[in-house]
Each structure stands twice: as C-alpha cells, then as structure tokens.
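Asker: Position chain R against the provided structure of chain C, taking the given hints into account.
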Amino acid sequence: MNHFNFEIKYYDYLQKIIAISAVIIFAVLSFAPLLFAIIRLQTVTGVSVFSAISTFFDRPSNLESLYFTLVEASVSALATVVIGLPIAWHLARSEWKHVRIVRALLAVPFVTPAIVAAMGFLALISEGGILWSIGIDLRLETGFIGMIAETFGWQHPGHFIALILAHAWFNLSLVIRFVEPPLSTFDPRWEEQLSLLPGGNSRINRLRNLWIPFIGPAILCSAVMTFLFSFTSFALVKWLTPFSTTMESSMANMGGAAGIVGYRVDASMVILSTSAVQFLILMLTLILLTMLQRRNNSRVSMISENVARNNHGKLNLIGKITIFSGLIFTLAPMISIFIASFRIRDSIGNGQFTERYSFDAWVAAWQGDLSYVSASEALSNSLIYAVVTLLVSLPLGWILSSTIHSLEKSNRMKLAKFVDVLSMLPLAISAVMVGLGILLGILRYNSSLFSFFLIPVLPHIMLTTPFVVRIMTPAMRAIDPAFEQQAKLLNLSPLRCWWHGRLSFLRGPAIVAASLTLAFSLGEFGASWILVRTGSWDTLSILVDQLMSRPKFDPMVQPVAMATASMLMILTFILFVIAERFRPKGDGGGI
Amino acid sequence: MTQNKENTILKIEGLGKQFAQKTIFSQMDIEMEHGEIIAILGPSGCGKSTLLRMISGLETVEEGSISIIDKDENEIVRGIDNVIDAQLVGLIFQKPVLFPHLNVSGNIMLGINNPPAKKLQAEVAEKYLKDVGLSGFSGNSIETLSGGESQRVCLIRALISEPKILLLDEPFSALDVKARRKIATETKQLLKQKGISAIHVTHDPEEAELISDRVINWQEITE
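Those protein sequences? They're chains C and R, same order as listed.
Residue numbering for the first sequence follows our numbering, starting at 367 and increasing by one per position.
Residue numbering for the second sequence follows our numbering, starting at 1145 and increasing by one per position.
If you're looking for bench data, these hints aren't it; they were derived computationally from the structure.
Where is the CB? At the ideal position from N, CA and C, for every residue including glycine.
Heads up, simulated PhoX-like pairs for lysine-lysine below, C-alpha to C-alpha not over 25 Å straight-line:
#1 K1322/R to K1239/R
#2 K854/C to K375/C
#3 K1239/R to K1336/R
#4 K1166/R to K463/C
#5 K680/C to K1166/R
#6 K783/C to K382/C
Distance ranges between label pairs, derived from CB positions:
#7 L506/C to F1163/R: 54 to 62 Å
#8 E1287/R to K382/C: 32 to 40 Å
#9 L861/C to D1320/R: 48 to 56 Å
Computed, partial: chain C to chain R, Cβ under 8 Å:
#10 W556
#11 Q559
#12 L563
#13 G565
#14 G566
#15 N575
#16 P579
The shape of chain C in the complex, shown without the other chains:
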C-alpha cells in the first residue's frame, strides 16, 4: 500500500513538472522570437514600438494598406455570412440522410491550403475557367465587370470580387460551424409558443424576440472570425489582388530588407509600426470574439439535436437548391484546379490558342522540369516538416490541454484561464508576423541558422499548437470523471488509470488533431514564404507559388503549378477525411 501511495505521489510531481515545462516551452517558442524581433527592429530604427504606432499613420502607403485590409476583411465577413447563413439554416432545420457528408464537404475549404485556394480561384477566373466561360471576367475585367469599373471609377473590381469570394469560400464552414449547432438544437416549441403570443405575432417580432437573441451571437462570432482570417490572409491577397496590398502583404514584401543595421531603415520602420498596429487590431478582434463566444455558449438548448431535426421535417425545394448551390460553390475551385492541371494551351500566334488535355503537366511537375526542386522532393520536404511539427505540436498541445483541464478540476480557474489565453495568443499573431519574428528575432542574430533545415518547423509549431489545444481541451472536459475514479478504486496503477480512464476517450480527438496539424503544416504558406531561403527546402506550397510566379511564355507553367497544387490538395483532403472519420457526431466540422 505504501509503495502504491509513493507511486501516486511521484506520478503527481512528474505531472506538475511536465505541465510547467510545457507551458514554459510553449511561451518561449511562441514569444521569444517575436520579442527579439521587436528589440532588433527598435535597435535598427532607433524608435520604440509605442512610438512606431504613431509613425504608422504618417506614411500614406501604410494608411492605404490599412484601409484596404479593413475593407476587404469587413466585406469578406459580410459576404461569408450572407452566403453561409441560408446553407447553415437548411442544414440545421431539416432531417435528411446525407447531412453529415454534405456538412463535411462544406468544411473542406477551411483545411485547404491557402495557396491551393488561390490557385483554385485563379483557375476559376482565368481564361478557360468556369466563370470566364459563362461571361464573368474577373481577371481581365472585360464585359460587365469592366462596365462596373468604368461606371463607378472603381479600379480592379474583378480582382476585389474574386478575393471576397475566395475568403467567403475559405470561411464558409465557420458560419456553418457556429450557426448550425444553435439552430439544429433549437427547441421547436419556442417558435410555436412565441407564435401564439403577441410578442411573436409577426415575422419582425419573432426575429427580434427569438432569432436575433439566439443566433445573433453565433452569426457575429463567425463574422468576427472570418474578419480575423481575412485580415491576415496572405496567399489569396498575393495572387488575387496583385494591385493592392494588405498590412500582411506589405510586411511580407519588406521582410527581406528589414532588421539589418544601417540598411533600408524604412523597411524596418514599416514592419515595426505595421506589426504593432496589426497586433492591436487582432487583439481587439480576439477580445470581441471571446466576449461573443461566451454569449453564444449560453444560447444552447437542452433539447437533443435529433429531436429538433425530426420536428423540423424534410428538406424542401428551396433547401435543396440552397444546399446544391453551396456544394457547387465549394467544389468549383477544387475541380477547376484539377481541370487546369490537365489543360495545356499552346499558342498558335496572333493571340490564338489551341487546347489539349494530357498528363504532361503532372509528369513535368513530378520530375521538376520547370523548377529547382521537383514536386516529389517538395512533397518529401513538406512531409518531413509536417511530421516533425506533429511530433512537437501534438504532445505540447495535449499537455497544455491537460494542464488547463487539471487546473479547472482543482478549481484554480484564474490560472486555467491564463494558460488557456496564453495558448490562444499565437492566433493573434499572423503567419507572416510569426515568420518575420523568426527571421528578425533569430536569424538576424545568428545567420548560421539560415542553413538549419528544420527552421521552418518552428512557425508551424507555433501556428498549429493552439488548434491542438482547441480540439483536446473540450474533449478532456467531456470525459466523465467516474471512469478515472472507478479505475483508481480498482487499484489500477496511475498509468493504467490514465490509459483506461482518459486515453481511450481521447484517441478520436487526438487523431482529429493530428490529421489537422499535418494538413495545416503541409499547407502553411505565409511563414514558410519568408523563411525558406534555400531552394532545396521548398515545400509544396512554396513550389506552387514559385511555379506560378514564372513568366507564362511556356504553356506548361500554369498547368504544372496547378498539378503541384492538386497534389497538395489531394494530400490535405485525405487528411481531412481521416479527421472527419474520427470526429464526434454533432461536431460541425472544421476547427
């Protein structure tokens, strides 16, 4: 018995040491490079980060990028809600056979790499693309898009519309994920009861007294999150709106010249001031999101989803049209990439082309005919980075989640909240900021690390660990403590208690977290774009960008880029299917 008590005590100490170490490692990994980067930029510019904020507004190009970023992010949020809301409504308010598959398909864009999404929309809007074929020319802005530009004096409306649609496509699953649960678990008696009262005798009254209080916070949550992701979007902005810069893209463009003493101080100044202003905006947005999420969580009904769905009936014609349109919107860019990877447009002079379909681009991509590294090499680089990221992110995220949960169980709520917020903070730092942080905070101090093969893994760890925490913490909270208590009462060793009382319940969520970590690492673009300086380290997403950046005189350039993007898309899709296979029923998909 004494031996058993000693074992438990020893195990408790070990747990505490591991938890504290994980929190410290995460904090150092996430924030030390940024801190060093700020110190470096302050040294180069001679200006403190606080003074830099005020200088941000003195530079017209900064104001232009701020204005464009705010406008595109706000319009993207609005468009995503407008497109996503009817889909979420019909998914939630009817009982039908394939609802889970459709919901999963609609969530695919969220895990699709941004560079793949950019290529998908380019394929969709380029000559020969689906939109171009039906007379909507968003790329060259001819036809009625050109007319809009002329009539309203709006420069490049086609590119802007393409960006908004791409952001809506990317974030559609957020609206579904937030809005569908309150709708699908919505007690039908509430609507009936209200319709029998004067407070619900008209549509406006029902909207005011029922729908807005119930799904308003969920809609706002999804809109704010879409705003957040659109605000920091890089690959889509880079490829779809080449004539405009966001704060993120202006930092990325200047990153190479920043942080060097006595050289291009203006570049360092732009990055210091822009990153400070962007960080403030993102922090405010995250605070707003946290407040809205708290409100949203209190709007959950006590009725089961199945009961509510059954009471709402079958999918009607409008519902079928809405869901079908949503699926076309989701699948069109992905199908377009695939088609574009087989379509080769040979020039026959005088601006005329002939089209042929073949596997040539796939072969050329795999062999690396047009690039420094072949797709096969880039694939192995991507996989190595993704696996190393997984080996660090999953255990680190797991331990952080376990720490948060243990603190909550022991009623140390403030400390639990602190670790929770700490683990979420990297979400307030964009991928480009993370990449710049490592570039300026580590590599500028120690340039020999430029040749360290695993340096791109660092931002991947920073960016994926918060997602692991987001998946594992609710899963841990959902475990009935009775299982672990029962295991203890059966005198099982601490390891076996953990195995039977916890691990068996966390296997599914851990597989979901692992699949999504791999998918996000494989598709990560912003930070890798800044950090991958040696050609032989190119990942698939960097290779797609490099291929597409080549002059298009060679008819194989675009198809080869599309073939490489298709490979990345297929890989992330497989990971997504694995994640969906293990996702608990009733979870909306995505993150």
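Answerer: The following block gives chain R in isolation, referenced to the frame of chain C:
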C-alpha cells in the same frame, strides 16, 4: 368568415388526424360554449396534444372541421393555412416554455401587445405576477424557477393577451399531487374571473374534475 348565431365558441365536427398513414383519431365531435372550461380525459399517446395543436393552428386540418368564434363574433375555420392569433387561442405546453435569454419580466412582456418601456416592464410584470402568487419574481432568471413557478409564469403570460380559448396541454403533470391541486384550483379561478373558455387535457381524473365545468372522456368523442 360568417357570422355565428349561437352561444358556441368552438365547434369540432368529424375531425380526424393521420400521421404517416397511421390514424391517430377520427370522427371527433366537440362543442364548447363561451366561458366554459372543458377537461378531456384520455390515456397517454391517444392524440390529446395533437388535438390542441390543431385547435391552436399549429397543425393542419385535413379531415373534418374546427371552427372558432373570434372576438368580433366571426367564425374562423381551421384548415391548411392557419392564422395563428394570440387573442384567439393561447396554448400552455406540457413542459413550461420560457425563453432562457429573457428573465421572468421579459417572458411576461411577450404576452403584451404593446409592451411598456424597458424601465417600466418590471413594475408591469409584478402587477400580473401577483395574480399567480409570484410577487417579487419579475427580475428573476428563469433558471431559478421551480417547475410549478415556471408554469405559473406561462399561465399568466398566456392570460394577459386574453385569448378567446386557452388550451392547457397537461401543464401540471410534472408537479406533485399537492401542488397540482393548488395550481389547478387557482387556474380555474383565474379563468372564470377573466371569462376565458379553456380546454384542459389530462390523464388524471381528479385534476380533470378540479379544473373543469365538464369532463369528457376521450372514447366518448372519437371513433
């Protein structure tokens, strides 16, 4: 709509209901007078709730007819596209339906046609709550209410709009016997005081006797 000439407020003739080709009930006939309280006594699952939902307009009527006399003495006939009007028919569900995003006062205000300004709402709600013995409850969150208290709030909310007919779908079934008797007696008093006709469905004969002027057995009115 035609003018009604009798003292009848509700007339049900040859009413039937089927769900997925399964007959729930058929050939139902009921007639109710102004100010009358009827209790319909029947076993669980016989279709009592469906009947109330058809009268309220929440369910369609495809077989037989239901006609209700409104406050202007017009005859409203239930069919496929029903007008749902709080001043015509009110319904209290078996489980209390109170909106969790509103407090007691907010829930009561949903029963008022033109609710007063926000700052006056608690005062107005208190006036109504007194009638059901819940003075001082206007600011309470609905989560703090017991089952009986919740149903009292539902009751007063339904009565405020003064419907011509109030339908009670076993609203007291979750309460203990003592509380059930007390609330049934109080409900009858309130209904009589306001002159509102009511149909109360239950499977408890004692409760049926206590609340109503007339008890009807389910078997008597259906085939």
